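S.K.: Which chain is which? The protein sequence lines are A and B, in order.
If you read the first sequence in this note's numbering, its first letter stands for residue 126, the second for the next number, and so on.
If you read the second sequence in this note's numbering, its first letter stands for residue 78, the second for the next number, and so on.
Just so you know, these hints were derived from the structure itself, not from any lab.
All of these numbers come straight from a predicted model, not from anything done at the bench.
Here a beta-carbon is modelled for each residue, glycine too, at the ideal position from N, C-alpha and C.
Watch out, some of these pointers could steer you wrong.
Derived pair list, reagent style SDA-like, types lysine to any residue, alpha-carbon separation capped at 25 Å [to be verified]: (1) A/281 x A/144; (2) A/229 x A/209; (3) B/232 x A/426; (4) B/232 x A/209; (5) A/338 x A/143; (6) B/171 x A/429; (7) A/302 x B/334.
Partial list, derived from the structure: chain A residues whose beta carbon lies under 10 Å from chain B [what the hints assert, rightly or not]: (8) 184; (9) 187; (10) 345; (11) 348; (12) 414; (13) 421; (14) 430.
The following label-pair restraints were derived from C-beta to C-beta distances [as the list claims (entries may be wrong)]: (15) A/371 x B/314: 49 to 59 Å; (16) A/383 x B/154: 57 to 67 Å; (17) B/207 x A/374: 52 to 62 Å; (18) A/331 x B/314: 28 to 38 Å.
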Amino acid sequence: MSVQELETIFDNKLEREIRIEPKDWMPDNYRKNLIRMISQHAHSEIVGMLPEGNWITRAPSLRRKATLLAKVQDEAGHGLYLYAAAETMGISREEMIDQLLTGKAKYSSIFNYPTLTWADIGAIGWLVDGAAIMNQVPLCRTSYGPYARAMIRVCKEESFHQRQGFEILLTLCRGSKEQKDMAQDALNRWWWPSLMMFGPNDDNSPHTAQSMKWKIKRFTNDELRQKFVDICTEQAKVLGLAIPDKDLKWNEEKMHYDFGEINWEEFNNVVNGNGPCNKERMAARIKAHEEGAWVREAALAYSEKKKQRQTPTAA
Amino acid sequence: MMQDSLIDYTLHLADNSLIMGHRLSEWTGHGPILEQDIAISNIALDLIGQSRNFYQYAAQLKGGVTEDDLAYLRDATEFKNMLLAELPNGDWAKTILKLFFFSTYQYYLYQKLIGSTDTQLSAIAEKSLKEVTYHLRWSSEWVIRLGDGTEESKKRIEKALEELWDYTGEMFLPSEYESECAKNKIGVDLGFLKEDWMNKVIQIFAEATLPSPKGEPVPTLREGQGVRLNGKEGKHTEHLQEILNDMQYLQRTYPGCEW
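Using the sequences and the accompanying hints, generate a full structural model.
M.R.: Structural data, given as structure tokens:
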């Protein structure tokens with residue numbers, strides 16, 4: 126079959142909302158784009174374990190400790206299924222991890238911000254997981270089958286995490302003055318970085334148009350960001366917290382909230398490695414990887430020995 | 078009197094699980110292999126869950142306190158966990174061996190504790206035993222893998238053995254409250270555990286192609302120097318205070334808050 130014929134079959138599948146599966150023919154750029162997206166997503170889960178993991182040993186009650194630990198563990202699980210989904214496209218986990226550790230692959234910039242107080246754990250759950258869900262729910266219908274299926278599992282757990290985060294903040298907001306201040310301070314620090322999680326504006330997003338055409342993405346960055354602002358603004362009222370944006374105002378005509386301009390200079394800086402914790406996050410991943418090398422070697426050596434012992438020697 | 082011993086005994090069981098779980102949770106996000114990061118976090122989670130069951134029971138026995146009061150507002154000298162649990166993780170080999178010794182202990186302890194005349198302790202032991210059976214299997218497999226893996230992994234697990242062996246004797250040295258509870262058929266007679274524990278260690282070490290530990294578990298630490306630590310009686314290493322500094326800091330800094 127000619128490439129043109131294959132392309133017609135591929136386009137036709139997209140048209141009819143039939144999922145593309147690993148064995149199907151797909152354009153090289155579709156594959157490349159998806160590997161980039163899925164691996165970035167997997168890396169984000171793994172790096173994302175660090176800022177929250179910081180607070181496992183300091184969680185203020187046994188219940189909070191257990192739920193935070195379970196949450197961070199869920200993120201490792203998400204990383205695992207996402208790496209597996211990317212592997213169906215012909216890249217190995219080792220290659221992907223190597224790309225992460227050498228700085229060739231990116232991860233969500235939000236994890237380059239520090240977690241300074243317990244309220245940050247609430248803010249991450251509410252805003253960061255909230256933004257992630259907003260991005261990820263449409264990915265449950267993404268055109269590549271393994272990614273879509275992984276996202277269904279991920280989204281179920283993420284929405285649980287988001288409720289936990291909101292509940293942490295609600296408890297703080299109903300507590301002492303210090304606790305409420307802690308919550309407000311966390312919102313002040315996490316609000317804008319959370320809006321940045323949707324990526325550049327549509328007119329400035331290099332991958333969006335093609336990804337929409339391939340039905341990898343279903344909504345544009347700006348559409349999702351608007352939806353997020355609308356929802357969070359209402360939720361902040363329930364908490365009694367003020368969103369740190371003087372331009373935030375209901376627009377009766379659009380039936381949406383207007384909001385202020387994102388500081389794209391900060392966004393670009395953090396993406397390019399100059400955020401508050403980029404170096405620490407990478408250093409932590411590299412340390413875990415390097416210090417784990419002898420463990421992986423030992424596991425491999427043992428399984429080789431075991432295999433050899435099990436293979437009966439030819440007479 | 079018996080009531081006090083029962084409370085202390087329950088707290089001892091709770092503290093063991095909490096402190097061990099807390100230590101293991103330090104690996105979360107830093108494990109050598111993603112699957113093993115998940116596994117060790119899972120074990121940490123099981124242990125924290127066990128500790129909550131014991132703390133809730135202890136809180137009920139004491140009256141007027143919560144599980145969090147017991148975990149977050151007691152001082153290091155009131156903690157009754159074994160020293161083994163509070164030792165720093167060290168490398169993967171040390172963590173694994175520490176967990177293996179600990180899980181073997183919990184495995185035989187809970188098997189016997191199911192027979193306790195105290196229905197609460199018996200129920201918690203029964204529920205926990207299922208989890209500990211997995212912890213024991215997982216840590217045994219890793220001891221074997223490291224012992225029979227590469228030269229380096231063998232060297233590291235042997236070094237871990239050297240560092241940890243002195244802390245194993247405490248498991249079998251009963252405190253007063255343990256003896257009291259054992260006498261009243263509420264707790265476990267530790268004398269009956271030692272042989273099973275030792276046999277398991279010898280069996281797994283043999284599979285791991287490691288030499289058997291020399292001699293019996295030593296019940297005292299640095300006896301020759303006149304220093305005697307005993308976690309069960311609240312005489313801890315300095316590591317426990319370090320753990321509590323982190324763990325208790327929010328509850329201590331903002332007393333009386335809901336979290």
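S.K.: So, for every hint listed, does it hold in this structure?
M.R.: Results for each hint:
{"no.": "1", "hint": "A/281 x A/144", "verdict": "holds (21 Å)"}
{"no.": "2", "hint": "A/229 x A/209", "verdict": "holds (19 Å)"}
{"no.": "3", "hint": "B/232 x A/426", "verdict": "holds (15 Å)"}
{"no.": "4", "hint": "B/232 x A/209", "verdict": "violated (34 Å)"}
{"no.": "5", "hint": "A/338 x A/143", "verdict": "holds (14 Å)"}
{"no.": "6", "hint": "B/171 x A/429", "verdict": "holds (23 Å)"}
{"no.": "7", "hint": "A/302 x B/334", "verdict": "holds (10 Å)"}
{"no.": "8", "hint": "184", "verdict": "holds (8 Å)"}
{"no.": "9", "hint": "187", "verdict": "holds (5 Å)"}
{"no.": "10", "hint": "345", "verdict": "violated (32 Å)"}
{"no.": "11", "hint": "348", "verdict": "violated (33 Å)"}
{"no.": "12", "hint": "414", "verdict": "holds (8 Å)"}
{"no.": "13", "hint": "421", "verdict": "holds (6 Å)"}
{"no.": "14", "hint": "430", "verdict": "holds (7 Å)"}
{"no.": "15", "hint": "A/371 x B/314: 49 to 59 Å", "verdict": "holds (54 Å)"}
{"no.": "16", "hint": "A/383 x B/154: 57 to 67 Å", "verdict": "holds (59 Å)"}
{"no.": "17", "hint": "B/207 x A/374: 52 to 62 Å", "verdict": "holds (56 Å)"}
{"no.": "18", "hint": "A/331 x B/314: 28 to 38 Å", "verdict": "violated (56 Å)"}
Hints 4, 10, 11, 18, counting from the list given before, are not met by this structure.
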